[in-house]
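Fit chain B to the known structure of chain A by using the hints.
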Amino acid sequence: MANPSLAGPAGMIARPAGDRSGRALLTLAVLAAGLVVVALFSLTSGASDASALGVLRHWFAGAPADALSARDRLIIYDIRLPRVVMGMLVGAALAVSGAVMQGLFRNPLADPGLVGVSAGAGLGAVSVIVLGTTSLAPLTALLGPAALPLAAFSGGLAATLILYRVATRQGRTSVATMLLAGIALAALAMALTGLLVFIADDRQLRDLTFWQLGSLAGATWQKLAAAAVVILPALAAMPFLARGLNALALGEATAAHLGVPVQRLKYAAIVNVSAAVGATVAISGGIGFVGIVVPHVLRLVVGPDNRYLLPGSALLGAALLLLADAFARTVVAPAELPIGIVTAAIGGPFFLWILLRRRGIIDL
Amino acid sequence: MIELRDVSVAIGARRILSGVNLQARPGEVAAIVGPNGSGKSTLLKALSGDLAYGGRIAINGGDVAAMKPAEAAGLRAVLPQAATLAFPFTVHEVVKLGLASGRSGVPAGEAGRLPERALARVDLAGYAGRFYQELSGGEQQRVQLARVLCQVWAPVLDGRPRYLLLDEPVSSLDIRHQLMVMDVARHFAAGGGGVVAILHDLNLAAMYADRIHVMHNGRLAAAGTPGEVLDDGLIETVFGCRLKVGAVPAGGTPFVLPQSIASR
Chain A
1 MANPSLAGPA
11 GMIARPAGDR
21 SGRALLTLAV
31 LAAGLVVVAL
41 FSLTSGASDA
51 SALGVLRHWF
61 AGAPADALSA
71 RDRLIIYDIR
81 LPRVVMGMLV
91 GAALAVSGAV
101 MQGLFRNPLA
111 DPGLVGVSAG
121 AGLGAVSVIV
131 LGTTSLAPLT
141 ALLGPAALPL
151 AAFSGGLAAT
161 LILYRVATRQ
171 GRTSVATMLL
181 AGIALAALAM
191 ALTGLLVFIA
201 DDRQLRDLTF
211 WQLGSLAGAT
221 WQKLAAAAVV
231 ILPALAAMPF
241 LARGLNALAL
251 GEATAAHLGV
261 PVQRLKYAAI
271 VNVSAAVGAT
281 VAISGGIGFV
291 GIVVPHVLRL
301 VVGPDNRYLL
311 PGSALLGAAL
321 LLLADAFART
331 VVAPAELPIG
341 IVTAAIGGPF
351 FLWILLRRRG
361 IIDL
Chain B
1 MIELRDVSVA
11 IGARRILSGV
21 NLQARPGEVA
31 AIVGPNGSGK
41 STLLKALSGD
51 LAYGGRIAIN
61 GGDVAAMKPA
71 EAAGLRAVLP
81 QAATLAFPFT
91 VHEVVKLGLA
101 SGRSGVPAGE
111 AGRLPERALA
121 RVDLAGYAGR
131 FYQELSGGEQ
141 QRVQLARVLC
151 QVWAPVLDGR
161 PRYLLLDEPV
171 SSLDIRHQLM
181 VMDVARHFAA
191 GGGGVVAILH
201 DLNLAAMYAD
211 RIHVMHNGRL
221 AAAGTPGEVL
231 DDGLIETVFG
241 CRLKVGAVPA
251 GGTPFVLPQS
261 IASR
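Read top to bottom, the protein sequences are chains A and B. FYI, UniProt numbering numbers position 331 of the first sequence as 331, with every residue one higher than the one before it. FYI, UniProt numbering numbers position 188 of the second sequence as 188, with every residue one higher than the one before it.
Here chain A stands alone, though its shape is the one from the complex:
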């Protein structure tokens, strides 16, 4: 569906019919620009009236030092900026992880939430919240603020490794077994999480509830640094899986015939997804549906080529989460809604819409 007028920056060279790469590149450029705008908007909006213009003047125009008051400076640099950066990291990680999972499972509805990765990470995090002052006290004392992200990451990775062991026989992974094993693992992790919730005290319950709903509140540079160490390498690695995932769309055997080392590809996808998802669950709790909505919307525009879909998902996921967060922060100001409620409210109906649209077209 090469529309010459949409052929993008390199559009001077005529592209063959059915080649959507020009349109995809243009979309990436638009998304990148859009993300910058959304980030600036996010940085300058909120309960405080630190003005957008003041911030921009302060940054770009070399305005006198008094362009920002000390209070505004604190709000911008220590509260909003870490939150914006965290929102971008979390949104990008969730969206790209979703796209990679969908490529791996050859199913547009696959999501890290589906194969138990998120549930495993959640179990790890809840263990620290509930048992952190009792049985796990030595551990939390040792690790300090890093205990929560590390526990979530370990939980996600453990779930993924068990999953991989169960679903892989003689070096081959069965996608159907993997999906079903993921459902079983998620149920088990939820049961254990439920048990912990059952024994939690009232204060812990409140922490748990807010964490489970998902939130970007309480972002600090330290928390961010701990998560970024895991998320950034995973985000950087995943676009390198794009070509292999494209071939995998034709099936595992055909991908291998095309020269793709399929087992290595699957293993790399699994490790990177569980790392990225574990770390995001740790810092932001249960933010759902980003991994399904973002790649699906993008596929409608740029097509299913992962070379454009993966970077595009990172950009759109980051922008979308910032918008959802801005909405969550302002809609009931000065209080703030957990962002997980916003993404679920958008994502749930969207998910159903995909189901209805695809019913009968593609076997789910």
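Derived by calculation from the structure, the hints in this document are not laboratory data. Possibly wrong hints are sitting among the right ones.
To be verified - Here are a few chain A residues that face chain B, going by a calculated C-beta distance under 8 Å:
| # | residue |
| --- | --- |
| 1 | Arg20 |
| 2 | Gly22 |
| 3 | Leu258 |
Don't be surprised by glycine CBs; every beta carbon is placed ideally from N, CA and C.
What follows is chain B alone, placed relative to chain A:
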């Protein structure tokens, strides 16, 4: 040269192939025929590196079991019986996946246009912008063939022959496109490459194959030129029906053979 020596495949306790010896030479079309469940597809899967097997399979002297996927992808391309796609790729995008191994054998500047040429070769010029899922089964099969052709466009690369492994390449095609696809295979062989194709149509096999290999109960029942292999006795033993080779139907019932096509 493709060489199978004493190849056997067992899935669980069931033995699907036993003691198969087979050679497919470059410059030739080799047809594999046989009844359903005789092991034809299993043979092709072992040859493609999809299955663990006993014995030895070598392509141009290299052991298939020890070959890296990328190395094998430069030596042979495999046409599956049917391919479903999970995502809405355009025809162009599917065919272009054939270029993934980067060993099509055309100069780098021409590779971008190769999908169009491959589509024209399978009579699908003008289909590049369509969505794969919207095509008929026969059209999808030809799109896959175009993809496979892109992978090994040059039948000989760096002085070494390459191979097309085709699993029932004409199973969902009308007679005109059956002939066209078999012409593509013969053209590839004439260019110095080798073709191994599973066929059900014995007339088509007799017309196009240089050698026919007959599978029966997981073993090779016969191999040779069409004239050597196709006789009444073998067909009765292998297929279990009493047919006469070369007999014209009694009573003037019309019949149409691919061999009767006017020379082009």
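Now the hints, each set against the structure:
| no. | hint | in the structure |
| --- | --- | --- |
| 1 | Arg20 | 7 Å, holds |
| 2 | Gly22 | 12 Å, violated |
| 3 | Leu258 | 5 Å, holds |
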